[in-house]
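Colleague: Using the sequences and the hints, build the whole thing.
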Amino acid sequence: MIEELKELTNLDGPSGFENEVREYIKKKLEKHLEIKVDKIGNVIAKNESNKQPHVLICAHMDEVGFVIQDITEDGFIKVAPIGGWDERILLGMPVRILGKRKIIGVFSTLPPHILKAEEAMKVQRIEDCHIDTGLTKKELLEEGIDIGTFVTPHSNFIINKNIIITKALDDRVGCALLIEIAEKIKSFDYSIVLGATVQEEIGSRGAKVLVNQVDPDFAIILECTVAADIPGVESHRQPTALKKGPALTLIDKTMIADKSLFDKALLVAKEKGIQYQIKKPIYGGTDAGAIHIAGTGIPSLVISCPARYIHSASSLTTIENLEETKRLVLAILEEIINKF
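Once you know that position 283 of the sequence shown is 301 in the numbering used here, the rest is easy, because the numbers rise by one and skip nothing.
Errors might be hidden in some of the hints.
Derived Cβ-Cβ restraints for the label pairs, each shown as a range [what the hints assert, rightly or not]: (1) K49 <-> N356: 24 to 32 Å; (2) I165 <-> P112: 29 to 37 Å; (3) K261 <-> E289: 29 to 37 Å; (4) K277 <-> L109: 39 to 47 Å.
No lab work stands behind these hints, which were simulated from the structure alone. Ideal placement from N, C-alpha and C gives every residue a C-beta, glycine not left out.
Modeller: Have a look at this one:
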């Protein structure tokens, strides 16, 4: 799973431009299942059976990024955010600009030598930032870089013992889990639909389209969530902790979980001896927000891998988190016939 995650996080897939990630996932899933891509770009894979229940399992392909709004004649690039960004982390951050080929740039910043005192204390807004590649506007245009070109953080996949640091753990972790499930899907004697969705970071638009094509008895959403057990953050403001296992969501800003489904998932974790934690309410939202209110209502469960510093170029998680999240998801799928 680690190599799978490395491949996935090295791909670029900002909301609305998930092409690379979609093609990779398609190739992996079609080895085991019949695949289709809908008109908005979701990947849908089915393992159909006459037996109940009918389960939807999904993860989103997109990551936070930027889109070019303007380019000065000198080649400085103005961007708008795609998804949620903390403006404090942008200055000096390297990025990939997705033109005809990928060009590396950096959010420009003044060196401390020439900063005025009032400038040093000010957080620069995204609309006041520029990306600098060193190229002129003419050279950028020749590279296919213009208004509407997408931009993502640039980072490498780093492993420090059992720690992984990279971009886009949200939600390439979930995508890697979908691929793992696909490899084992024939062992589950009931109907499963796997969905890799687009545009979650800008309002779960892909999930809204996906769920119209599926009528599941319930849904499991695979996510990566905020671990905030770091200095300066009080315990009640920490949605999850890094090293306490996968997180189950009871409530967030977009969904209140089906309590029966939630309790059964807790029971499976306890019986299998799988470390878990309950995500502290009520931070964030996921595709479950769109899925659970579709049709006549779809009971939904969110299982998340905790990671520090998500929505940045350097999110951080542990190999144990990945393994325990995988264990929990597979254990729930194995127990569905008996408990759900």
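Colleague: For every hint, state whether the structure bears it out.
Modeller: Status of each hint after checking the structure:
At roughly 29 Å, the beta-carbon separation of K49 and N356 lies within the given 24 to 32 Å, and the hint holds. Remark: the range hint 29 to 37 Å for I165 to P112 is contradicted by a beta-carbon distance near 22 Å. Checked against the hint of 29 to 37 Å, the pair K261 and E289 fails, with Cβ atoms roughly 22 Å apart. Separated by about 45 Å at the C-beta atoms, K277 and L109 satisfy the suggested range of 39 to 47 Å.
Of the numbered hints given earlier, the model fails hints 2, 3; all others are met.
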